[in-house]
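Using the sequences and the hints, build the whole thing.
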Amino acid sequence: QKEVEQDPGPLSVPEGAIVSLNCTYSNSAFQYFMWYRQYSRKGPELLMYTYSSGNKEDGRFTAQVDKSSKYISLFIRDSQPSDSATYLCAVSPVLNYGQNFVFGPGTRLSVLP
Amino acid sequence: GAGVSQTPSNKVTEKGKYVELRCDPISGHTALYWYRQSLGQGPEFLIYFQGTGAADDSGLPNDRFFAVRPEGSVSTLKIQRTERGDSAMYLCASSLNSGRAGTGELFFGEGSRLTVL
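Chains as they are written, first to last, in the numbering used here: chain B, 11 to 123; chain R, 2 to 118.
Hints were generated in silico from the structure; no laboratory data involved. Fair warning: there could be bad hints in the mix.
[Said to hold, decoys possible] Taking lysine-lysine and the DSSO-like style, the derived pairs with C-alpha atoms no more than 27 Å apart in a straight line are:
(1) R:Lys16 - B:Lys52
(2) B:Lys12 - B:Lys80
(3) B:Lys12 - B:Lys52
(4) R:Lys18 - R:Lys79
(5) B:Lys52 - R:Lys79
(6) B:Lys66 - B:Lys12
(7) B:Lys66 - B:Lys77
(8) R:Lys79 - R:Lys16
(9) B:Lys66 - R:Lys79
(10) B:Lys52 - R:Lys12
Predicted model, so just to flag it, every value in this text is computed and none were measured.
So this is what it looks like as structure tokens:
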């Protein structure tokens, strides 16, 4: 079993839809949870991070963590064509050590105008 | 520049050749990371520098891979005797701090895409 799993997609939705992206992890030692967005042929950029179970909201984006089931989600409201990208979840036992980050394979999202 | 700069953006080489990939981090960022991203996969950690020294090189796959950061800024990833399996996107990231309180946000460059024929 891989440490972090994501449905690779591609996921296609119409503009304005609510998007749900999901990620599961296997090791309960992971305490920090991040979502990175990666546009085609670009490097990843951090969208959100959280370290507790529950929801964290930032504009149109909401990150949700359920540590008991080792399940994390990213919701995008009012999706836009500019949201079309690959979304990578990342987990880590500590926040400030990038060498400990474990990335999922990413879910490719396409928002159609 | 304002972001992490990586050169070359694309590199095509032949099996057995030597390759160098360069990373220029954000000014003032002391932590620098190299990752490798294969097609359809997430980035995988290779090596981490804090200042000039390699604080963690546990992700380097074998001794054909080596990286330096002699002055604590620019870093070079060196791959000897390249193999077809080395073909991937090599990403560099920098961070303002590591091991202290902070967001831990990594700022990635656009990557160097290596193709070994």
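If you check each hint against the structure, which ones fail? 9
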